[in-house]
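Engineer: For this one, chain A is given, so just place chain B on it according to the hints.
Protein chains: 2
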Amino acid sequence: MSPKITTELLKQLRQVMKNPKYVQEPVQAYIVPSGDAHQSEYIAPCDCRRAFISGFDGSAGTAIVTEQHAAMWTDGRYFLQAAHQMDNNWTLMKMGLKDTPTQEDWLVSVLPEGSKVGVDPFIIPADQWKRMSKALRSAGHDLVPVKENLIDTIWTDCPQRPCKPLIMLDLSYTGVSWRDKITALRSKMAERKVMWFVVTALDEVAWLFNLRGSDVEYNPVFFAYAVIGMNTIRLFIDGDRIMDPAVREHLQLDSTLEPEFKIQVMPYGSILSELQAVGAGLSPKEKVWLSDKASYALTEAIPKAYRYLTPYTPICIAKAVKNASETEGMRRAHIKDAVALCELFNWLEKEVPKGTVTEIIAADKAEEFRSQQKDFVELSFATISSTGPNGAIIHYKPVPETNRMLSVNEIYLLDSGAQYKDGTTDVTRTMHFGTPSAYEKECFTYVLKGHIAVSAAIFPNGTKGHLLDSFARSALWDCGLDYLHGTGHGVGSFLNVHEGPCGISYKTFADEPLEAGMIVSDEPGYYEDGSFGIRIENVVLVIPAETKYNFKNRGSLTFEPLTLVPIQTKMIDVNLLTQKECNWVNDYHQKCREVVGAELERQGRHEALQWLIRETEPLVRVQ
Amino acid sequence: MSPKITTELLKQLRQVMKNPKYVQEPVQAYIVPSGDAHQSEYIAPCDCRRAFISGFDGSAGTAIVTEQHAAMWTDGRYFLQAAHQMDNNWTLMKMGLKDTPTQEDWLVSVLPEGSKVGVDPFIIPADQWKRMSKALRSAGHDLVPVKENLIDTIWTDCPQRPCKPLIMLDLSYTGVSWRDKITALRSKMAERKVMWFVVTALDEVAWLFNLRGSDVEYNPVFFAYAVIGMNTIRLFIDGDRIMDPAVREHLQLDSTLEPEFKIQVMPYGSILSELQAVGAGLSPKEKVWLSDKASYALTEAIPKAYRYLTPYTPICIAKAVKNASETEGMRRAHIKDAVALCELFNWLEKEVPKGTVTEIIAADKAEEFRSQQKDFVELSFATISSTGPNGAIIHYKPVPETNRMLSVNEIYLLDSGAQYKDGTTDVTRTMHFGTPSAYEKECFTYVLKGHIAVSAAIFPNGTKGHLLDSFARSALWDCGLDYLHGTGHGVGSFLNVHEGPCGISYKTFADEPLEAGMIVSDEPGYYEDGSFGIRIENVVLVIPAETKYNFKNRGSLTFEPLTLVPIQTKMIDVNLLTQKECNWVNDYHQKCREVVGAELERQGRHEALQWLIRETEPLVRVQ
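Read top to bottom, the protein sequences are chains A and B.
Reading the first sequence from the start, the letters are residues 0 to 622 in numbering that gives the first Met the number 0.
Reading the second sequence from the start, the letters are residues 0 to 622 in numbering that gives the first Met the number 0.
In this list, chains with the same sequence are indistinguishable; a pair is considered to hold if it fits within one copy or across any two.
Subject to a maximum C-alpha distance of 30 Å in a straight line, what follows is the list of computed DSS-like cross-link-like pairs (lysine-lysine):
1. Lys10 with Lys20
2. Lys420 with Lys261
3. Lys129 with Lys187
4. Lys97 with Lys303
5. Lys163 with Lys364
6. Lys396 with Lys93
Hints were generated in silico from the structure; no laboratory data involved.
Here the structure is a predicted model, which means the values were calculated and not measured.
Chain A with its partners taken away, still in its complex shape (with noise of 0.2 Å):
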């Protein structure tokens, strides 16, 4: 990797700073961020602005740059690879270190007095743009919104963004026609007396419409915003893709309706100035709802007065919840995953001897025979295939630089999911295909001590899921190891493998009570730096649960395990878990046997149901 070389792109970019076709007065600094305009966690190349002006790429990061300095901000998982991607020009602000300084206290530390700092108000979410906006003012400075982003002012090869077609859903996949889904929100906004609810999020677009797009990589999800009134509909999306007939038939944009269902289309480009009209024509006591990670420019559209902000919007909590239509596909999308895993572990099993197979090859692999199943989209996120020391690179992405050669001497962790149109996965297993050290086997029962105790755990109704990370990881820390992420994460239905508002984490956050229909992934792991990595992930149902007494009828819940493929039982030291333990492995790895076996039955994939049946023999414990 060498780094970009940005001497003559930063100049550009402080030209423009100072250019009144673009500023309306000079700027000192310009901050750009990593996300887009709907504060993906994913992004387009056309959004990739920080890492075209600096040359890193990694997934979180946020440049600034002044008339003198440029520097980058990024956390533990980035410093090498920023180091690397990055020239002379730029200053490296490893955050987490005790000695890194705050974005604000650095600009304030190089600002000259009274200077502006400039951002792009579609790209900074309102609420880091109040706590930089305060920060900057008490030193005697300024954060000024600029309109133009520069970095597209200079990008002079800067992509297209992407406009692909749409995928329509029916009622088969989603359960719910978008039509109640506008009713179940507008009752919300009633419930809290507000007239507009403005949907930023591009899964939530999607979800709303009951719509599919392939705007950005790993998400099926496509550019656009709407803005949902108690009598309108307005969904902002550009291109041809909304002349499709039957995409005109879904949306019924040709139907006599009623008029509150009748969406009007406008240009994608247009929301801010909408939303302005929308804010301008309020009458007292009219809200309009936002979520407060929404952009500060639809924010400021609204006047401060009339804003409604949650950090979780309706339609986030709606669609984690999901319906028996979306649990099936759910399912299905799961049993084929599985079948897929079975045929490539088969294989490694028998190639990896060779050694033949890298990194790259397994993966490619593990892509290969997932899309030769049915409703099969794309992948979910790039695999993480990682063996030996690479496993303990939680984020590792295998590049030919790094590529390592799978062997029968160490551990192969792979970390990976699809889109199918039936459902998301994510799924990783940890394996060995010669003999595992004691140590290798210790570390790997402790972490699924921790899988079976968040899987199997009992709670009541109403329970938030960071009350149950700890769960995870007390076997571990029995005996003095930990793993320095969090436990899961909610996971959408053929939608994005990472979504709010819920997940298990000791990172204090606000997340949402569990209820059944809500998905979640229970993935523990222990790294051991330079030498491997363990995780076992399932991605998990909240299901009702039968209790002796029930919690006074409060109710419990409980998890069912979606994802249906072996846990290596050679990596297990059978003595270090209890009975309990013991047959909660034998129980899941029946039903990996039978559901998962009937599947590759019927698909004829003979040799992989041989190897299932073989990995899923029953453990015994010796009393």
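Structural biologist: Using the frame of chain A, we list chain B on its own:
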């Protein structure tokens, strides 16, 4: 309980709300919060203004009086009590119920346009002021500070503010001199670049100067403030108590001292004007550190740009980590406390079957035994002595109207503690003096399993207490049982029985990470409304743990029980315990027998010793 008749009082209050002698402009509403000027949990009689105006004397509640209405907000613990204690002039606002308006919403709904809402700026914390003020302003009203407390103007027989003699603690109790504490504080101030620190919490003043008082029942504190500069120390305190030669010597008031350790003693009432003078004299970049819970009055004395507010002060954090002298003191206090409880339980075993022991008699007897111990000062909170259905009332305190006879047919729950000069105790034991039912034993055993799960937990350095809360619930959850309170709170060292900044709770609050030397309670429970209550509480010390892999040198922590009182084995269903849990109980009882036994022997309390030996017989688990 008959309600307090408040018609005349409310009439008087409404008059002073318009009296130009007290208010610049008439206020249309007046807020009477619970607290005192130090945001204390326990308050002195002269500060019980909300109880005076309404009759409701629970520990939590806010009264708001308008020209037409009088309303009281309180939480579920007090719905019944508040309804009984208040007359028809008052509307009870049941917090936590869906239809109950917030104070702000209610005010907006009942006030005429452009109203003024008054509140004593010394009683309302700055963060609450901010929230309330913002909500009122956005509805066209104003929150205004009323300097003279309006309740005090009509409270003709208001008790005097207590001004009791001070207790000096020498180095053998505190381990650190007040001079060294000031030096440590100043270095924290230098780290944060603040020039002044304002000590507003009573326990923080007491801790800083190694002084104790008895101005507030149960809490060994005295009314005072302090303002610490980099070169000055100002102590705001009233009365002759500072004329006591021993106090003068302790504070070195008459010695020639380096100027930076010279304490200027000032009247308690002069804090505001002195702080305003500090505020007026600040140069740019000179910050003043305050708790964000300090009163609005004191916070406003410092211009906004100069304030440095944090949820926990450096004193709060330093105070939480007990040094060797404090830890040893806490150990001694807990051994004495255990002696008293062995005496009590031995006495109860003999007396209860006679049918002559009520909840109040038992509580008094507990106090009697405690008061026989060396360095006993007072109780650390009102004893919860509850039998049968009263045990299910979590904050129960026996009064003549509810006083119940202990019997061989009901579970008895005793939650009690004391202040000794060397430490503070807080212990709950649940006993049966006859034969418990299988269900009672089952529930007790789940609670015990939860207690052990926390007490024996091993976790990495830097873990926050809230991550351990679910360990206490897991065994209950498995059967569909739970309890609706947190699992633990910080405990002071001859100071408040509840203190920050750490705790163990499912409620997400900004707790600081646990570290060795911190002391918290471990008190899971189970409550069956109308029938019984179970709670098992030890005070535990955070200590380093030995683990196999020691978290890559991050270090391991666990707990050591300071409380050494037998857990009634009669209540345990041994077959529900794992062997590990069984061993924990036996080891714990062995330690009780050895340590407390030796002290009982030394004190010549032979009958209680026999009781202890009987109660600490090892459990035997049938395999």
